[in-house]
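Participant: Here's the letter readout for the chains.
Number of protein chains: 2
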Amino acid sequence: MARLDATDKKTVQKIEKLAETVLRSVKGGKNPFLEIPVRSLANVQFNPRKRLIELKDQKQRRYFFNVSMAKKFMQTFLVSDACKELIDAGKTTSIRDLYYMTKHALGETRQNTFEEQEESDPIIEDLEVAIDALREELHLFASGRGSMVGPLSIRDAGDAIDLRRMGSGGWSVPSIVEEHVVQFGKSEAKYVLLIEKDAVWKRFNEDKFWAREKCIIVTGLGQPPRGVRRIVQRLHSELGLPVYVLVDNDPWGFYIYSVLKQGSINLAYESMRMAVPKARFIGLSSFDKAKFKLPGNVSIRMNDQDDARAKQMLAYPWFKDPKWQREIQEMVRSGEKYELEALSRRGISFVTEEYLPRKLRDRDWLE
Amino acid sequence: MARLDATDKKTVQKIEKLAETVLRSVKGGKNPFLEIPVRSLANVQFNPRKRLIELKDQKQRRYFFNVSMAKKFMQTFLVSDACKELIDAGKTTSIRDLYYMTKHALGETRQNTFEEQEESDPIIEDLEVAIDALREELHLFASGRGSMVGPLSIRDAGDAIDLRRMGSGGWSVPSIVEEHVVQFGKSEAKYVLLIEKDAVWKRFNEDKFWAREKCIIVTGLGQPPRGVRRIVQRLHSELGLPVYVLVDNDPWGFYIYSVLKQGSINLAYESMRMAVPKARFIGLSSFDKAKFKLPGNVSIRMNDQDDARAKQMLAYPWFKDPKWQREIQEMVRSGEKYELEALSRRGISFVTEEYLPRKLRDRDWLE
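Residue numbers (the numbering used here), protein chains in the order written: chain R, 752 to 1118; chain G, 752 to 1118.
Among the hints, erroneous ones may be present.
Derived BS3-like pairs (lysine-lysine); straight-line CA-CA distance at most 30 angstroms [to be verified]:
id: 1; chain 1: R; residue 1: K842; chain 2: G; residue 2: K1062
id: 2; chain 1: R; residue 1: K842; chain 2: G; residue 2: K823
id: 3; chain 1: G; residue 1: K959; chain 2: R; residue 2: K835
id: 4; chain 1: R; residue 1: K959; chain 2: G; residue 2: K761
id: 5; chain 1: R; residue 1: K959; chain 2: G; residue 2: K822
id: 6; chain 1: G; residue 1: K1044; chain 2: R; residue 2: K842
id: 7; chain 1: G; residue 1: K781; chain 2: G; residue 2: K761
id: 8; chain 1: G; residue 1: K760; chain 2: R; residue 2: K959
id: 9; chain 1: R; residue 1: K842; chain 2: G; residue 2: K835
id: 10; chain 1: G; residue 1: K842; chain 2: R; residue 2: K959
id: 11; chain 1: R; residue 1: K823; chain 2: G; residue 2: K1044
id: 12; chain 1: R; residue 1: K835; chain 2: G; residue 2: K1044
id: 13; chain 1: G; residue 1: K959; chain 2: R; residue 2: K760
id: 14; chain 1: R; residue 1: K1042; chain 2: R; residue 2: K1071
id: 15; chain 1: G; residue 1: K959; chain 2: R; residue 2: K937
id: 16; chain 1: G; residue 1: K810; chain 2: G; residue 2: K823
id: 17; chain 1: G; residue 1: K768; chain 2: R; residue 2: K1044
id: 18; chain 1: R; residue 1: K810; chain 2: R; residue 2: K823
id: 19; chain 1: R; residue 1: K781; chain 2: R; residue 2: K765
id: 20; chain 1: G; residue 1: K1044; chain 2: G; residue 2: K1062
id: 21; chain 1: R; residue 1: K801; chain 2: R; residue 2: K823
id: 22; chain 1: R; residue 1: K959; chain 2: G; residue 2: K835
Because the hints were derived from the structure by calculation, they are not lab data.
Just chain R, with the same shape it has in the complex (with noise of 0.2 angstroms):
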């Protein structure tokens, strides 16, 4: 067994607790039920004042005497327990490994626990939200895709790694980047930047623009991962760094900044671990277009889904500001969308020595 630390002896009480309340209603005789926050959208609630997306207080009971209810019981702890063994053997694994782990048959009958992974993660989300332990903290991964570089120094699963000195590739980010994993050494950072798409990651990473402006560059390639969400959210609230967030031109990458910036409806219950209210969208502006001279032809005409998107973003109570307002309502009306690519039309470093360094010159991002 393993030596816990701080968090996993937390983790590990809050999965006894649990079976113990079971245990005790069923020496007393009664019904055993696991209490539940409810994730669906009735029960999620944007928090203007945090700025965040929050889960509400409605509460499901599962019951074990109850035919609908007792598989589903059953897994739960399953799912508990395997979350358990992980910890006290100081191992992680991912969500997948886990339905492996846990599928068996049912004593001597046809019926397995689980069928389908479909079945063991939400199990796995209810069992989050039941005890308040994020995914990370029962030793479960999700994919590690996302590079970062920068003038700072960590350490990760023990190594010292000196992010200055990462070459071409740069530090692959792990998917669990808790502080019993990752912690953060000397930096001389004074932002975060956060950059939808590897591509262009490596531009600014090959410009050493990162050495240049003093900031941490980071992608997630495309939606981040967990792992990347979280490090950035550390790397703002623990070292105070502002974090911008460079995306395409079109309703899926305000989107990107969206789940970033206050957390998204299916994960609501995370938001407080994952979310950077005050993250900044530095680009691109439906309006750079114009400001920095791109031809036409670089732009793509919006179809219909991209349309119906960027129109319901308009309603969003966390899009209500009158800039995003302005900032959305410009993309619909010219019906056009672009990506981060484009601005190479002006040259292969125009978005490392004129684009970036102008906006964030002139402050012109949008919070």
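With chain R held as given, fit chain G onto it using these hints.
Facilitator: The following block gives chain G in isolation, referenced to the frame of chain R:
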């Protein structure tokens, strides 16, 4: 202008030679043409001696004074010119970026040099085969995706990187890993293990399998991107390390192995630089399920497409060896496939502590 290294100088010379040939025929009053090897199934063959999929000799001529060819002719030179500009500037970029760099309106017309990236991508491939230079030598990169650790020191873009101290995330394998970017240093590695899945790679990293076994572990998250294939090939050819491939037991997993081993039909012209004909398939074998006592419920029924794909593989010349026929036939016979994660049913670290050590000890692999 950046200082060019030997590779860059050679590539620039090749581009210039291409241009000169054309200029000479213009001056001679001839119709200038480019000679480009044909990239089609008919012009591809499996070389059983080298065990590689190779391009045959068929070439097509692309004339300037020909209505149907003139645009492509012009495009080829636009792309060559942009690549030369990149090399001269000592910069690299993505193929998406190159599309934007070279896209512009033709004179006063509404005609564009390229309408879509689907037009510029094949031109890049044309140029690669026409002057026999890999995309990476033209300073173009594909997606960077993949992680690597092991008992090896490298230099990447001038930074000394110790792959023994990369924490939980590992080194992000860049897209361009040619010798002028990545150099190998001190190594204690005895072999390379290429793992299909990121989540399984993490298990191997967390369990420090690479330190115990003195091997380099690398993943490309599914079908490895060019950078991963190329670095595995370099580790094999330059450091003489055997390469083992660990993939899911399904036609897609076998295909991943097959592309690494002898290249693909699409990219036959670069097999020599990308393929590792001696790569060993270490698992998952269709016979491992019985050998390692996996319960029946961890396998997945093959669908019609899987079945058709597997039967197609039986006909490939590179799977003609009786051992491979037996392997694939067993998959078809059972009608079942299973994933690497299925091994976790036997324990969290079964794959690193029992499965792989036993396969290696028993020399239980296919070539």
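Participant: Taking 30 angstroms as the top limit, are the C-alpha atoms of R/K823 and G/K1044 close enough?
Facilitator: Since the Cα atoms of R/K823 and G/K1044 sit roughly 28 angstroms apart, the hinted pair holds (cutoff 30 angstroms).
Participant: Does G/K761 lie within 30 angstroms of R/K959 when you go C-alpha to C-alpha?
Facilitator: Status holds; Cα separation ~26 angstroms.
Participant: Between R/K842 and G/K835, does the CA-CA distance stay at or below 30 angstroms?
Facilitator: violated, 49 angstroms
Participant: For the pair supplied as a hint, R/K842 and G/K1062, is the alpha-carbon distance within the 30 angstroms limit?
Facilitator: Violated. R/K842 to G/K1062 sits at ~39 angstroms, over the 30 angstroms cutoff.
Participant: Are G/K1044 and G/K1062 close enough, with their CA atoms no more than 30 angstroms apart?
Facilitator: holds, 26 angstroms
Participant: Would you mind confirming whether the straight-line C-alpha gap from G/K842 to R/K959 stays at or under 30 angstroms?
Facilitator: Status holds; Cα separation ~11 angstroms.
Participant: Does G/K761 lie within 30 angstroms of G/K781 when you go C-alpha to C-alpha?
Facilitator: Answer holds: G/K781 to G/K761 is near 28 angstroms, not above 30 angstroms.
Participant: Hinted pair, alpha-carbon criterion (30 angstroms max): R/K781, R/K765. Please report holds or violated.
Facilitator: Roughly 22 angstroms between the alpha carbons, so the hint for R/K781 and R/K765 holds.
Participant: If you draw a straight line from the CA of G/K959 to the CA of R/K760, is it 30 angstroms or shorter?
Facilitator: holds, 24 angstroms
Participant: Run the distance test for G/K959 versus R/K937: straight-line Cα separation, threshold 30 angstroms.
Facilitator: Roughly 27 angstroms separates the two Cα atoms, so the pair holds.
Participant: Given the hinted pair R/K842 and G/K823, is their alpha-carbon gap at most 30 angstroms?
Facilitator: Violated: R/K842 and G/K823 sit about 55 angstroms apart, past 30 angstroms.
Participant: What's the verdict on R/K835 and G/K1044, does the C-alpha distance respect the 30 angstroms limit or exceed it?
Facilitator: holds, 25 angstroms
In summary, the numbered hints that this structure violates are 1, 2, 5, 9, 17 and 21.
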